[in-house]
Structures are given as C-alpha cells and as structure tokens.
Amino acid sequence: MTLPYPKKKDPQKRTKVPTLPPGERSRAALGLAIAAARGRFALQSCAACGAVQYPPRDACRSCLSVEMSWHDTPAYGKLLAETRIHASPDPYFRERLPWRMGSVQLEAGPVIMAHLVGVSRGDRVTVELRLDRAGQGVMIARPMKRTEDMEDDPVLRAIGTHPKHRRILISDATQPVARPLIDALFAAGAAHVFAGVPELWRRPHGLSAIEGLENVSVMPLDVTDTQSLKEAASEIGGKVDILINTARHIRPGGVLGQDTTAARDEMEVNALGLMRLAQAFGPGMAGRTADGVNSSAALVTILSAHALSPDPGYGAFNASQAAARSIVQTLRAEFAPSGLRVAAVYTGPTEDEWHQPLPPPKVAPKALARAIVDGLDRGLEEVYCGDVARDLAERWAADPALLDREMMGGGA
Amino acid sequence: MSILADLTGALVGGDLRVVDLTHALDPDFPVIVLPPEFGQCARFRMEEVSAYDHRGPAWKWHNLTLNEHTGTHFDAPIHWVSGRDWPNGAVDEIPAEHLIGPVCVIDCSEGAAQDDDFELTPEIIAAWEAAHGPIPAGSWVLMRTDWSRRRGADYLNMAEDGPHSPGPTPDAIRLLLERDIRGFGTECVGTDAGQGAHYDPPYPAHFLLHGAGKYGLQCLCNLDLLPPTGAVLIAPPLKIKGGTGSPLRVLALVPGDAK
Amino acid sequence: MSAPYDGVVLTCPVTVPYVRFSNETAHWWVARALRGTLDAAGLTPRQIDGLSVSSFTLFPDTPVGLTQHLGLTLRYLDSIPMGGASGVVAARRAARAVQAGDAEIVACVAGDANRIDSFRNLLNAFSRFSLDASYPYGFGGPNATFALIMDAYMAEYGATREDFGRIAVAQRANALRNPHAMMKKPLSLDDYLNARPISEPVSLFDCVMPCAGSEAFLVMSEDRARQLGLPFARLTGSIEAHNAFPDDPVQLRGGWAAEIDKLYAQAGCAPQDIDLLQTYDDYPVISMMQIEDLGFCAKGGAAEFVRSHDLTIDGDFPHNTSGGQLSVGQAGAAGGYLGIVEALRQVTGQAGPTQVPDARLAMVSGFGMVNYDRGVCSAVGILEGAS
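Protein chains in written order, with my numbering: chain B, 47 to 458; chain U, 2 to 260; chain C, 34 to 420.
Hints are not guaranteed to be accurate.
Unchecked claim - Straight-line C-alpha distance at most 30 Å; calculated DSBU-like pairs for lysine-lysine:
(1) B:K55 to B:K285
(2) B:K276 to U:K242
(3) B:K124 to C:K218
(4) B:K285 to B:K54
(5) B:K59 to B:K276
(6) B:K412 to B:K191
Said to hold, decoys possible - Where chain B lies over chain U, by a calculated footprint (3+ residues, C-beta under 8 Å):
(7) 41 to 54
(8) 150 to 160
What the hints assert, rightly or not - Just some of the chain C residues that point at chain B, by a computed CB distance under 7 Å:
(9) L164
(10) Y168
(11) F172
(12) L209
For the record, the hints were derived by calculation from the structure and aren't laboratory data. Ideal Cβ placement from N, Cα and C applies to all residues, glycine included.
Okay, chain B solo, but in the shape it has when bound (with noise of 0.2 Å):
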C-alpha cells in the first residue's frame, strides 16, 4: 500500500471537525499509554506469582495479590479471530469505518483486541502499543516484520504522526539539529519544511546550511517574539502538520554563577518560547487533526533530560527545561481535545559549543534528528535521545529522589 500525496483542499468543503475514540480509562488502564507513549510493549504482571495479566486490573487473577506492576514483555502472538466492523455509535469510528480488529493470544499468556494492521486469522503477529487519538494506548497487531509502508494503512495513518507527506515547521533551523533533521524528514517522505530563522539581521551561522534547499521555505521566526510568530503563523499556520521545537537557548553555569540575564534568555527561549509557539500555532493544528490525509498530527519539542533532575553544571539551563517540560505536560492535557500529539524528545549533553568540554557520550545532530523523526515515525509522546537520556530516564522512573541524590554528588 502506498499513500498517495493528498490533492489541494477544496476551499468550499467544511474542515472536518476533529473526533476522538474513546478515551475513558481506568487508573491501572492508564499504563498501557505510558507504555506507548514511550514505545514499549508492557503487560501488568503479579509481583507474587509472576502471572500476566489483561485488561489492566487491580488485583490478579491468579492469586489475587494486589502487587501489580508493569513490565516488558514479549509482544508476539497468534490472531485468534478478526472482525471488520461496519457500524459504530462512536462518531470517530463511524468517520472511518470499516475498521478491523481482532483477538490475539499473546505468548505471554493474555488475549487481547487489537487493531488489524496487515494480518489476518492464524497468522502469527506482533503486537505493538501505541497512542491514539484519545492519548491512550492501543494495541496494534502487525506482521512479524515490520514493512516500509506498514504506517501507511489507514488504522495507523489515523493514530500516528508519521511525516510522510506533512508539512513540518522547524521553529529554529539555524540549530545543528536542523540540517540532519531536514534530511531525515524528507527521507520519511515529509512534503516541505518551513525552516524558522531567528535574527536573519545577524546573518545567523546554520543559514547557509539550510538556505536553497529544495521543498525548504526559509522564514523569519523567533520564538521570543510575539510578533514574529503571530506573522509567520499568518502566513503558514494552516499548513503546519507538525510543529518541530528545536529553539534552544543553553549558557553553562549554575545558579549562584550564572546571572539572571542569561536565565532570562533561557526562560525566554526555552520555556516561554514553547508556549508562545504553542499559543501561536496550536489552536490553528488543533483544529485540523482530522483534515485528512495531512492532518495536523503533533508538536515536538526537544528537552534535556535534565528537565528531570538537573545537572548543577547547568542550572539556570535546566530549570528552563523543567519549566519547558511541565508546559509540555499542560500543553498535553490542552491538546487532549484535539488528539493533537505533544511530543517531548529528551537528549543529554549534545555535541555542541556549549558542552564542547565535556566528555563523552554526547549526542550528535545526526542522532538528535533520527530519534526526533523516529517518535514522529512510531507516534511517540516521550523520546530518549542516546544513552544519557535514557539512563536519566530509568533512574528517574526508578526513584527520582535518589536520582536528584546523585546528581548532587552522592552515592559514589
């Protein structure tokens, strides 16, 4: 299957309005769209009797210990039974029938529906997580292997972010991200980028980088200013499918040395850049999830995985991120109605001048670029970029308060 590039919109046919599947959970639900927005395949399991369990519950079926926890677990199955359902009460369905899913035996143990991507009764299938429009995770039955058009079928088209065909707008080109990111885009069959340039007065090092690119629109935009972003989301907001932050203001120092200005900076870029990009170009993606084929489908921004615990070395940088990551989290629950993805890419140290003298791993642009497509790719809400971020990212899943210990200096 090949999705063909959408023809030009018919300027006299209503946008269509933005529906949801079901998005009612209950708590223990709640940790398959953890799962998914991460990437992972996790099954609840009994901490006394190793028992897995689904649906997600509060007690297990087993023992009845009420030690349930998530886990990793091998996502292969046999599909049991599929139907394809032509009539639903539930107007998001009933927008998109038929619609196939199925019952999968998984070899963990449980049976579970799934949406039907490509497979049919008795195949042997994996079964991935993933987020749908509602923010919730789903599960997906898929070949074995995963194939190159695989996130063209309608079932994934509909729930993912992927960038074929989309629009994308990178609100900071002159990034070192943004040149490898481009590319990468572009591999993914993205249709054009709108390449954000702050300060073009200041012939900004990077320009060069992205200037006469083919399908690369160059445009004034600073993520400071009001006005820049309210001119270019005049201009271009109708046409933003997906919304890449790679704005990022960074001055080494603490708190105690560094001074307010530069925090300011970094308040200004970082955190408040975010939100205005948000209130800027939000409302016009939000009301154009469900404009077929390119839809508006997210908004990703790139975070230090220190917005988790920061690194005392950069202080004032990372309580911007934190600022940064918990309007990510608000943004998240003010798009929810739109089922408009917000997407958090975290990475550590990156190659750059301003960890310049730091040791190794950092991550290079190349590498920032592929995870950033790859969430897009796998409709992912929470990105680790390279080892530092991942690490953070365990150990604060763990236990944040330790982690916070040992970035403090302790527990050598």
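With chain B's structure known, arrange chains U and C on it following the hints.
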C-alpha cells in the same frame, strides 16, 4: 521671552522644521552582537497586556522588554569602563541643558557607499571645518553615512570576522574631543565602526568619548535632512536611575530653508 | 446436587409490549410489568413481600430506590445485574427464598428504558474491561465482540452463515405469530445472507434491536398459587455459572457446559424430554453454542443440528417460540426475561398464537454480560407446567 515666542512662531510658520532622527522600536531591529559567552543586548520585545478585551475591556497596552542600548539610543559616560567614574555620568544625572544643543553633520555618505569599513579621519574633519568653520564647543557631531537606509542583514553587515560598518578612527575622536564636543552620533548600530574592536584603543568612540564625559547617539536616521551646521538637536534619554543609556526619540530643529 | 425446589412455583408471566424508542423511564416500565403480573394474580402491591429487579437504566436509583418510588414494603429485595442470565437467576433465587420462608411472594421484574441515545450511553458505561480493552478498538460494542466469537466458531467448527441464518429465519417465522414482536416482516434466508454487514461475519439479522419494554412473573408457594387459582409451573432444575472456562482463549462454549449434567440430574430428565427450548439469542452463534452445551448435540454439532431440525413453533425442535430477541427486540435486561416469561406462558398453556401444542417441559437458557471478550454469566432452568 520673545525668543521662545519667535521659536514657536517659526515652528508654526514653517521657518523651522522638526526632523525625526529616530527608527521605530521594532523587535526585528538589529542590536549589537557580542561573542555568545558575553551577556547580550536584550532585543526589543513587546507583549500585549490587554487589547480592549477580557484582559482589560477599554484599553490596550503592552509590556516592553529591552536593553538600554536598543534601537535609536543614547550612550551615557558610565556605559563604558573609561567613563565609569565620571560625575553625573548616568542618564538620570545628566544636566537637562546638555540634552538640547547645536549639531554638526559630517557627510560621509559617498565614502560609506564605496567602503563598508569607511573611516571618519581627522583629515575629513579638517576638510569639513575648512568648508563650514570650526566645530563649536558643546556641539553634537553626527557622522552621516546613509547607513540607516540599509535593511535586514545588510545593516549589521555581519561576516565571519564580525560586522562591517563605518565609524571614526581613534584620532578622529581625539580631534573631536579637542573641539570639546558634547557627543558623537552615527547611523550604525554603535558609535564605533563594525571592526572598531581592532583599533587601539578598541572601540575608540566608546572608550575615548565616555572617558571624557561625552555622550553617544546611534541608530540615527534621516541625517540627510540636516544641514552641516545650524540645526538644533533634542536628545533627552529616559531618566533611568543609574542608567547607562536609553532608547529615545531624537529630534532636530532645522531652519526651513536648509537643504 | 442441589436440593429440589419443592413446593415453589412460577406464575403470572407478563410482557409489556416493547417499543423501539420511548421517553418513559425504567421506573415506568418496571411499574407497568409489576402491575401487570399482580393484576394477573389478583394481588395488590401490599400483598407481595419480595422483589427481584433487573434493569440497566434505573440510574441514579437502584432497586432500593425503586421500593420507595413504587411504595413497596418488602422482606426480600434482590438486584440481579446479569443481563441475559437475569431471568433464570432471579427465578432460582426467589424460589429458594420462598422455599425457605424468607418471602411469601416474590415479584421478579426486568425492564429498561430506551431513549434515542440510551444504547450508546449504556455501552459507554458497560464495564471497565470493555472501556479499557474492547471499545477502543472500533467501538463495535457487542456486535464486534460476538463477531470475533462467531469468526472463531466458524473457523473451528465449519459453521456457515446459512446455518446461523436458519436460526434467525425460524425465529422470524415464530415472531410473525407474536403480535408483540417488533419485527413484522417475513425473513428469508436470502434476506439474511444479503443483509448489510455490521461487524463481519455478523450482519444485520444476526443482531437484536435495542428497544424499551419490561417483563415480569411471580414466585410463590404452590399452595398459594392453587389458592389464588393461578396456572403455574415448577422449577425442576436450574444452574448458574459465572466466568466458567476463563482460560479458553475464545469463548466457544458457555458456562452451561460446566454444570449441565447436574441440571439434568436435578430435573430428572434428559434433552430428549424437553418440549421447547428458549436460548438466549443475542446472536445466533450463542444459540448454537447453547444447543451444544445444553446437550442437544455434540460440541461443534449445532450447525448440523439446525440443518436437520425445524426450529419453528410447529417444528420438531421448537426454539425461541416468541421470536426471541432477534425478532421481538431486546429491551435491555428484559431480554434476560424474554425466554423464561415465554416458557412460563408455554408450559402453562397461555402462549396463545405462539403456543406449542402440549408443551409441558421447557428449557430456558440465559447468557449475560460481556465484560470484556465474552459473556460471563450463564444460567439454565427447566420449567414444568403443572396446572
């Protein structure tokens, strides 16, 4: 007080014109760019507080953020290390009578059109004096380059070795100080040349002028509407306590028949 | 083996005719059925001391609220939230209460409202597992869940759509004799096969039509029934089973299969003694499973069974004689009473146009509550007419 009556009469009658030498404060107007590890000049930013809406039903207003040295602005002596101890060297301390005075305009526009790094030299000043008479003590001296007509990236004119824009040599500034001028102004982003860091002393206009208690004006425009002599410059900065400079509205009173 | 239900009878079956949509509340429908069954017995509301209620749409009330709402003073109050298994379960529990003297007369009633949006709202709040793990996948509701069961059943046992069609067609023929059935038009096998797909392989005539309505009957001592001069039936045996066979990956059998031998032993009869069968027919595939699990044929043999039997009122295997939910409609929890109320009419000779001649022994099977991927509750009762 017939002088003032004459003045207002001339203004009303058109014998005196008021020329605005000020750029609009615009978020996209260039500011000086320093190496990134230094503190930076805050760009002019304007955020709406309300606009006859739920945030304030009958009024519109903005919060501004900016550096003292943003847009068309005034440099006080304490702006530079050489002037840090100058008495009354902050904008709020400058005597009010210093804020209005005569102005001489040295036209360097032809040279600046040929050479982005055009220098104002003692020779050019001497030639100007030969034509227009000595620069009177207490005068503002403005270097006209027509640089204010440049837009976008051409204004800072940034290259890999830094910005390129016209400015005075150290000796030119020394000569102006011998004339005991009140201050020196330009159309560029600073009173110094884009490559002014490479003079001895670096940034001679800043270093020497402020070290001598003189003022600077930059990012001026419309200098082509001023006569070489005979105009009056009105350049009062905001009265910022301890301020090193300030954006301001710079006006010139120009005889109606000039130019 | 359970003790017999000696000395207890079921009587006064009442159906309040169903309507597709109604603005009346569940309270209204329950009240009408209750009044109907009391009228049939010649009793006043003050004369009953037990009530068993099944309804999905009483919210924010429960049967507790209903007692005050309806002015009932009770010694026994039960709420049976088992959907399609409610009728049989209500009967067997009421029978024990009467037998033990906890109550003298228990009115068993089921009824539900159906406003335009009721069905969708009902689905939205049906069960936690459905919300978490079933509805997000296309929100096909029970149609999709039973489509998966039907798909697996067809693959496992080779049943064809024609086989399921035979059940639907026969029930429609029965329904045409029932003036209260919602479906008034004859249904041919071609009609069935050519109907629009709902959730493949489930198509339109595999589905019930949600509607509003109510059903009721009374449980009392045999002496009391005789005193009141009422035709009655005995409950000769019954079972219930919940979450049976939890490790079956797909539901190809119901809880009936787990307990069926005990049922026949308690009732002292065998499948061939049964004069008519009322299965719970939310989908024909479930009726097929019941025909197997209740012992009328071997597992997987129901397709052949329906090919070789006539399931109409006049046939050799009268099945769902009122037309069943497929043709009468499904009035929420009252769907779980449809079979037992019709069976009670049949074995007491009160079925009128749908009467099976000489019906004495009726089997009623119930099946309820798709919690996730299968129906969790199963129940069966055998009624013997005795007047």
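Each hint, compared with the structure:
{"no.": "1", "hint": "B:K55 to B:K285", "verdict": "holds (11 Å)"}
{"no.": "2", "hint": "B:K276 to U:K242", "verdict": "violated (34 Å)"}
{"no.": "3", "hint": "B:K124 to C:K218", "verdict": "violated (42 Å)"}
{"no.": "4", "hint": "B:K285 to B:K54", "verdict": "holds (11 Å)"}
{"no.": "5", "hint": "B:K59 to B:K276", "verdict": "holds (26 Å)"}
{"no.": "6", "hint": "B:K412 to B:K191", "verdict": "holds (26 Å)"}
{"no.": "7", "hint": "41 to 54", "verdict": "holds (count 7)"}
{"no.": "8", "hint": "150 to 160", "verdict": "holds (count 6)"}
{"no.": "9", "hint": "L164", "verdict": "holds (5 Å)"}
{"no.": "10", "hint": "Y168", "verdict": "holds (5 Å)"}
{"no.": "11", "hint": "F172", "verdict": "holds (4 Å)"}
{"no.": "12", "hint": "L209", "verdict": "violated (26 Å)"}
In terms of the numbered hints stated before, the structure departs from hints 2, 3 and 12, listed from lowest to highest.
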